[in-house]
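Trainee: Start from chain A and add chain B according to the hints.
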Amino acid sequence: MEKLTKETKQIMKERLIMDNVEKISIKPQCVFNPQPMYIIGTRNENGTPNFCVITWIGFSFDKTPHLMMSMGGSKQTKTNILREGKFSAHMITEDILWLADYFGNTNGTDGEKNRVKYSYEWGQQVQVPILQESHWAYECEVTRTMELDGAHLFLAEIKNIQIDKAYQNMDMEKIDLTQIKPAIYAPYQYFSIGEKLGEMGEWQVKGN
Amino acid sequence: MKRKSIGCSHEMPVQPAFIVGTYNEDGTPNFAPITWVSMTCEKDEDYLIVISMWGTKMTKQNTIRNGKLSINMVSKEMLKLMDYFGQTSGAQGMKTDIPYTYSKAECVEAPTLDMSPWVCECEVQSIVNTGESDTFYCRVKNVQIDEKVETDNWGIDLTLLNPVIYSGSYHSIGQYLGEIGDFYKK
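Residue numbers (my numbering), protein chains in the order written: chain A, 1 to 208; chain B, 1001 to 1186.
For reference, chain A alone in the conformation it holds in the complex (with noise of 0.2 Å):
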């Protein structure tokens, strides 16, 4: 990485001379990005919770907020949610990678992730388990499960959120995200988010 750096330093100071940007193309692999990482929380059969980190997520509108969450594969999450109808979402942050990097590479199939000392608590609205560490928590009922060829769509009403207590006098319509720091996923690396560059709607203050 730190190579690649180097070398792409260069690049960069030529990229800012340029406007229109020289394209070559590639297959159409796994290359979507930049994705959002959430902790995926949900219940059990036997009662006690499971997390796992899931990237596929956007957000959809239907009266109210949704959360559009798709899985592929058979995970324990999956089953879950096809059960119980519902799932929490944790934000990851910068502070709880370490969490995300276990939840992610320990399978739920293989009994409570339990390695890593953590607490949860069942949310407020719906019956999903919600991190003590997380600083900004959702709690989604599914209303519409699309299935695919191989994966699954959640449609989910986002039902509650819990933020952390320090953010209460944020402008949640303009959020300031260089102070919650999430980590933004591309395949297999995580970043951090750089500076707030601005706000929906300067370009009509500012004009040309």
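Please keep in mind that the hints were generated in silico from the structure rather than gathered at the bench.
By construction, the Cβ of each residue, glycine as well, lies at the ideal position given by its N, Cα and C atoms.
To give an idea of the interface, some chain B residues facing chain A are shown, with a C-beta separation under 10 Å as derived from the structure:
1) Val1014
2) Thr1035
3) Met1039
4) Leu1048
5) Val1050
6) Lys1076
7) Gly1086
8) Met1115
9) Val1128
10) Tyr1137
11) Leu1161
12) Ile1165
13) Gly1168
14) Ser1172
15) Asp1182
16) Phe1183
Mentor: Same frame as chain A, now just chain B:
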């Protein structure tokens, strides 16, 4: 940690930013920012882009009619363009108040923004109506990337593409933090 519940009115903090390009009925290009984008897969390695579009915007009408679209990653340098496209309506005609150039995509009938460092050319596979929004499942026909960015099987260095993250505010990507497993090993 102490938390409080805030109901669910303000709820969408981490959104990757894209500008979707479509052709209008008269052949002119239309561009609009769309941030409700994620992905899914079929079988093993058959990836689909999933887009949710609310309301009746021009991009949605075009996508339903043509079944073709380009998804242009918004880089830091394109912020003004994204904000402009977002503040104007395609129903009022082609968005020409600020200068930009575009080209036809290589594999689908859709316009692409020349400034974008990463463009995904898509064909709509299916549309599912989900109340006030529609969910578009799009087959990826081609991906174009800034030729100066090296790609290998081990992903892409986001700091080179400089994508914008949207939350109502716009943010840049900071630094590389590690890769899968790095924190677990420690």
